[in-house]
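Engineer: Same order as they appear, the protein sequences are chains F and W. For the first sequence, the residue numbers in this note's numbering are -18 to 225. For the second sequence, the residue numbers in this note's numbering are 5 to 310.
Accuracy of the hints is not assured; some may be wrong.
Unchecked claim - Pairwise CB distance ranges, derived in the manner of DEER restraints:
id, chain 1, residue 1, chain 2, residue 2, range
1, W, Gly124, F, Ile149, 40 to 48 Å
2, F, Asn189, W, Tyr135, 27 to 35 Å
3, F, Val5, W, Gly32, 21 to 29 Å
4, W, Glu184, F, Ala92, 49 to 57 Å
5, W, Glu184, F, Asn143, 49 to 57 Å
6, F, Val8, W, Ser110, 39 to 47 Å
Unchecked claim - The calculated DSSO-like cross-link candidates involving lysine-lysine, where the alpha carbons are at most 27 Å apart (straight line), are:
id, chain 1, residue 1, chain 2, residue 2
7, W, Lys114, W, Lys131
8, W, Lys114, W, Lys132
9, W, Lys243, W, Lys254
10, W, Lys72, F, Lys221
11, W, Lys209, F, Lys221
12, W, Lys211, F, Lys223
13, F, Lys223, W, Lys114
14, W, Lys60, F, Lys221
15, F, Lys18, F, Lys193
16, W, Lys211, F, Lys221
17, W, Lys209, F, Lys223
18, F, Lys223, W, Lys60
19, W, Lys114, W, Lys97
What the hints contain is simulated information worked out from the structure, not anything from laboratory work. Heads up, the beta-carbon is just placed ideally off N, CA and C, and yes, glycines get one too.
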Amino acid sequence: MRAVYWKEIRSFLSSLIAYLVISVFLVLTGLFMWVFKDTSILEYNYAGLEQLFSIGPLVFTFLIPAITMRSFSEETQQGTIELLATKPLTDSQIILGKYFANLTLVLLAIAPTLIYYFSVYQLGSPVGNIDSGAVFGSYIGLAFLAAIFVSIGIYCSSITNNQIVSFILAAFLCFFMHWAFSYLSNLSIFFGRWDNLVQMIGISHHYNAISKGMIDSRNVIYFLSVICLFIWFTHVSLAKRKWS
Amino acid sequence: MSLVLDGITKIYGAQHALDEISFCAKSGEIIGLLGPNGAGKTTTMKILTCFIPATKGNAEVCGFDVVKQPLDVRQHIGYLPEHNPLYLEMYVKEYLELIARIFKISKPQKRISELIEMTGLTREQSKKIQYLSKGYRQRVGIAQAMMHDPEVLILDEPTSGLDPNQLVDIRSLIHELGKEKLVVFSTHIMQEVQALCDRVIILDKGKLVADDPISALSQRVKGAMVLTVGFKDEIDLRKLENLEGLIEIKSIGQNEYKLTVDEQLDIREEIFDFAVANGNKILGMSQEKISVESVFQQITSNQKEP
């Protein structure tokens, strides 16, 4: 697994992808947090990082599929998957190696935003007047969100050898998993009876819960199960070559 | 036995890609896997390297079952897939380092420089793979297949698309490897089989149609010798047909005939005597062995749909 992990990390770092992803993420979140008048903390006069965590899912919806789209699509396109699969590696090792490499890259993009936290911490009046619990809860939520989106992205990449198809599918699935269920719960067929249940299928319900700074095991279990689900899907989709 | 296939069958939908293929092989052999396009050569190799499972039948590599112990099998096999897939954006050394890490080689740098020297990549070792010519890419492919010094090497068309010089190099490399290891390679080129292999396995439409030492292959086909005879005057064909050991007569010009004869019986003297007995004279006679190429054509074209 480590060999695959380092291979992926090296290929991110030796191509433009890593730098592009990190800078786009930082520029976008930076703009929303500090520059745009409607959302800027400086205008908002409230020491928090809500802007970062509310824009995060949206940025990830486009950025993460862009990172993950090549992971299996490119391998099947170029035939190199046959090379990996005929080495003494199990399919799980290949999948997890790729999964963690992609996740590492996304976490690397999030890491510099800790500077925002320290800035806001210093800007608070008095200094340090920030709800640190909520901020770190939100960071954990964001990391879990990234972990789910990466698993979705890897899965979408494994079902097609076309990177664009993989990107669009993944972006759609990420969007759907995050937002759609809370909107669907307002439909009259669910409302009043199952709306709560439908909301709980979506990611945003759990993401918002964790953002409040309370790390509830139910939310954590939800995040982990969705990740495992998509990794298992990927596994099935890789094993498909053995069925025909 | 390094390699055992027993009744391997692979069915894609309704098509039998492989039909009851069985053979064994041991180390020190070089086996040429021959057959027209779509004969099942690549499928056989993919099954042996545990990339896809067979529909029916068992296969073992170095005593490990390809379905039950795939990781052990892969540990003992070096595989160069068809079209030689490579990570083009990597450097040669970087790529070999990746493979070394996958196989958990204890002294990777030493092994890599050994392989680079062995495959003649010394001058190209610090280039990116995408800037290498096809021949050098093929060497990189062979180098990665040999990384862990496997007992069995499976090479899917290792020489396709190489120029004549590269061809000679790669062939001598394979020849060298075949001294200690079992090398199974597929090819379209018959001369290659003649030059390299101890043993030829011919597949056609998924069926094993020949499995012979290269020397015995020509005997499989009836009339493995061709005589070209030119008589001075017209001859009575019916009388000629009576000669023992003659299989086929084909007229190729005025009083000139191509005779397909049994290799076991040398009937040149009989033909001479025949000419004398009939008051005729022989102007020319030449003998040639049927090439592996025509044996191949004959074997694979005989196997028409039942």
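Engineer: Decide, hint by hint, whether the structure agrees.
Structural biologist: Verification of the supplied hints:
1. W:Gly124 <-> F:Ile149: 40 to 48 Å: holds (45 Å)
2. F:Asn189 <-> W:Tyr135: 27 to 35 Å: The hinted range 27 to 35 Å is violated for Asn189 of chain F and Tyr135 of chain W, with Cβ atoms some 51 Å apart.
3. F:Val5 <-> W:Gly32: 21 to 29 Å: violated (57 Å)
4. W:Glu184 <-> F:Ala92: 49 to 57 Å: holds (51 Å)
5. W:Glu184 <-> F:Asn143: 49 to 57 Å: violated (44 Å)
6. F:Val8 <-> W:Ser110: 39 to 47 Å: Since the Cβ atoms of Val8 of chain F and Ser110 of chain W sit about 45 Å apart, the hinted range of 39 to 47 Å holds.
7. W:Lys114 <-> W:Lys131: Holds. Lys114 of chain W to Lys131 of chain W sits at ~19 Å (cutoff 27 Å).
8. W:Lys114 <-> W:Lys132: Holds, at roughly 20 Å.
9. W:Lys243 <-> W:Lys254: With a Cα-Cα distance of about 15 Å, the restraint between Lys243 of chain W and Lys254 of chain W holds, given a limit of 27 Å.
10. W:Lys72 <-> F:Lys221: Within the cut-off at roughly 18 Å; holds.
11. W:Lys209 <-> F:Lys221: holds (25 Å)
12. W:Lys211 <-> F:Lys223: With a Cα-Cα distance of about 21 Å, the restraint between Lys211 of chain W and Lys223 of chain F holds, given a limit of 27 Å.
13. F:Lys223 <-> W:Lys114: violated (37 Å)
14. W:Lys60 <-> F:Lys221: OK: Lys60 of chain W and Lys221 of chain F at ~18 Å, within 27 Å.
15. F:Lys18 <-> F:Lys193: holds (25 Å)
16. W:Lys211 <-> F:Lys221: Measuring from Cα to Cα gives roughly 26 Å; hence the hint holds.
17. W:Lys209 <-> F:Lys223: holds (21 Å)
18. F:Lys223 <-> W:Lys60: Answer holds: Lys223 of chain F to Lys60 of chain W is near 13 Å, not above 27 Å.
19. W:Lys114 <-> W:Lys97: holds (12 Å)
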